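Chains as they are written, first to last, in my numbering: chain A, 19 to 343; chain B, 19 to 343.
These aren't lab readings, by the way, just hints derived from the structure by calculation.
For clarity, every value in this text was computed on a predicted model and none was experimentally measured.
Backbone N, C-alpha and C fix where the C-beta goes; we use that ideal spot for every residue, glycine too.
This list has only true hints and no planted wrong ones.
Computed footprint of chain A on chain B, listed as stretches where at least three residues anywhere in the stretch have a Cβ under 8 Å from a Cβ of chain A:
1) 56-68
2) 118-129
3) 141-150
2 protein chains.
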Amino acid sequence: MRITALAGGVGGARFVRGLRHHLDSSPALADSEVTVVANTGDDISLFGLRVSPDVDTLLYTLGGGVEESQGWGRADESHVVQSELAAYGALPQWFALGDRDLGTHVVRSQWLAQGVPPSEVTARLAARWGLPERRIRLLPMTDTPVETHVVVDDEDGGERAVHFQEWWVRHQASLPAKRFVVAGLDRAAAAPGVLDAIRQADVVLLPPSNPVVSIGIVLGVPGVRDALRGTAAPVVGVSPLISGRPVRGHADACLRTVGVPVTAAGVAGLYEDFLDAWLVDPADAGTTLPRARVEAFDGPLLMTDVEATARIAAHALRLATAVSA
Amino acid sequence: MRITALAGGVGGARFVRGLRHHLDSSPALADSEVTVVANTGDDISLFGLRVSPDVDTLLYTLGGGVEESQGWGRADESHVVQSELAAYGALPQWFALGDRDLGTHVVRSQWLAQGVPPSEVTARLAARWGLPERRIRLLPMTDTPVETHVVVDDEDGGERAVHFQEWWVRHQASLPAKRFVVAGLDRAAAAPGVLDAIRQADVVLLPPSNPVVSIGIVLGVPGVRDALRGTAAPVVGVSPLISGRPVRGHADACLRTVGVPVTAAGVAGLYEDFLDAWLVDPADAGTTLPRARVEAFDGPLLMTDVEATARIAAHALRLATAVSA
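Start from the sequences, fold in the hints, and give me the full structure.
Given below as structure tokens:
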């Protein structure tokens with residue numbers, strides 16, 4: 019089976035890890051291929067190094083190197099280099115740059131500077147983390163540099179744009195956002211393999227990633243939304259909200275910014291033109307959608323651990339079979 | 019007093035540290051200014067980062083952050099980032115890149131990429147290490163990127179050039195060198211302040227740095243040699259050899275490569291056109307030079323510790339006074 023998932027960082031990475039665990043535990047599914055299309059709107063240049071937070075979280079989570087307690091960054095991490103950068107007065111200091119993590123940014127930046135496209139850089143990084151052996155293909159959504167910015171009020175009554183990472187990490191999404199602007203996205207081209215991965219998939223999954231600033235950004239890459247509308251594969255999503263609250267992160271602030279109800283149905287509405295089925299928490303069992311089938315998971319829709327996540331992924335795959343029958 | 023010293027890495031840094039110690043211990047000399055003109059021919063790009071080994075050794079030694087046991091690199095160092103680079107298969111691995119040290123390379127590379135010239139980058143780095151407060155002005159010899167390469171025989175009977183660092187660090191100067199080639203040096207311009215620091219000095223000192231690949235490279239910057247010939251200041255050198263052997267490093271291999279006798283007199287010959295006095299070890303007391311005054315130090319010419327080095331520097335300053343009287 020060819021499964022394609024669009025993903026942001028922590029939520030997407032944990033979902034795909036659970037999905038892969040389910041596939042590996044099912045003899046009939048073990049040779050399935052999972053293609054992950056990662057959001058790169060979070061990418062940021064810090065200290066001259068190119069950081070790709072969602073790709074890194076996917077690499078570390080799927081490769082067994084993530085700091086489990088926080089869901090991102092490297093386990094057994096130190097921060098020696100960052101303390102040196104601070105001693106030199108280099109800014110910013112609000113983005114945690116661990117030493118192990120920095121190794122990734124240094125090699126990525128070196129390869130990019132040599133002209134290697136981000137998709138090939140990602141493939142090289144993924145090789146170190148053993149993703150090909152696990153039948154996971156990790157693709158950045160685009161090879162074009164794009165960056166999500168958040169438009170907020172400035173002190174003079176005007177507006178200013180701050181990088182998404184600054185809004186998310188430094189301000190914890192607490193600055194009222196007026197809108198999101200993704201610099202470069204309108205001129206971006208989907209990375210090699212992305213559109214085919216959607217068109218030729220047997221199943222397309224939308225993990226419980228942020229619907230606005232993660233999956234929403236991937237959907238903005240020219241051609242992606244058309245590919246989702248046109249694919250013969252069932253498209254099944256997993257709600258990132260339970261009873262109108264995000265399990266993790268600031269999806270509520272993001273949804274309010276784009277004027278979408280902070281509900282499982284509200285999120286599904288963002289995918290209305292291509293969504294075939296929607297998996298929700300039992301608390302949201304009453305959700306109805308005009309086009310897509312809604313099912314409630316038989317337990318809390320929480321990715322508590324790999325096993326629990328595998329059961330959620332298994333349910334999503336059953337839903338895919340059901341709606342394509 | 020305005021003192022200008024040309025310097026390579028470990029030897030130059032230790033000498034200037036001892037010199038500064040002597041000045042600080044002498045009320046009449048405490049407000050002397052020391053300008054250090056550093057060799058940048060050792061500079062190398064590793065993993066997309068610009069490393070300037072001699073400048074870094076000067077910063078760390080004069081700023082109190084050096085790993086004393088080896089004379090270069092940072093004390094209390096770790097190598098987490100390098101282990102990550104190795105895990106990604108990034109090359110080369112023969113150059114030790116500590117995490118603390120890497121912080122310097124990251125900020126330098128960021129500033130250079132922003133268009134800040136190396137001399138201004140060096141000034142910013144020196145500020146963190148407190149050099150201005152210690153009345154030490156650290157100047158790279160040039161803002162032009164230059165790189166010393168070593169021409170060696172290749173396996174096919176031809177020649178190939180390897181970067182100086184590879185020859186020095188990886189091969190420990192054991193590959194027979196045919197000649198040194200400094201890429202970019204003929205078109206380099208002395209960095210701002212360098213020529214004036216020589217012309218307007220009260221004393222010019224040549225520490226016991228490598229005469230070929232450290233001081234010799236600085237002398238190759240257009241204008242430097244003329245400034246030394248023309249300055250009214252006495253030029254006093256400290257021999258890097260004792261009884262025909264380098265105290266440290268591979269000056270013997272370098273001297274043989276350029277066809278110069280591996281003796282205190284041989285080294286002084288490289289400076290013949292501008293050298294006024296030459297301080298040697300008691301073992302070399304019989305050295306005579308056609309133009310310059312030779313004196314033997316009253317003890318081993320070894321920079322064993324800061325106090326011993328301060329005494330050597332003090333002797334060099336007395337020699338300067340003697341020859342200019």
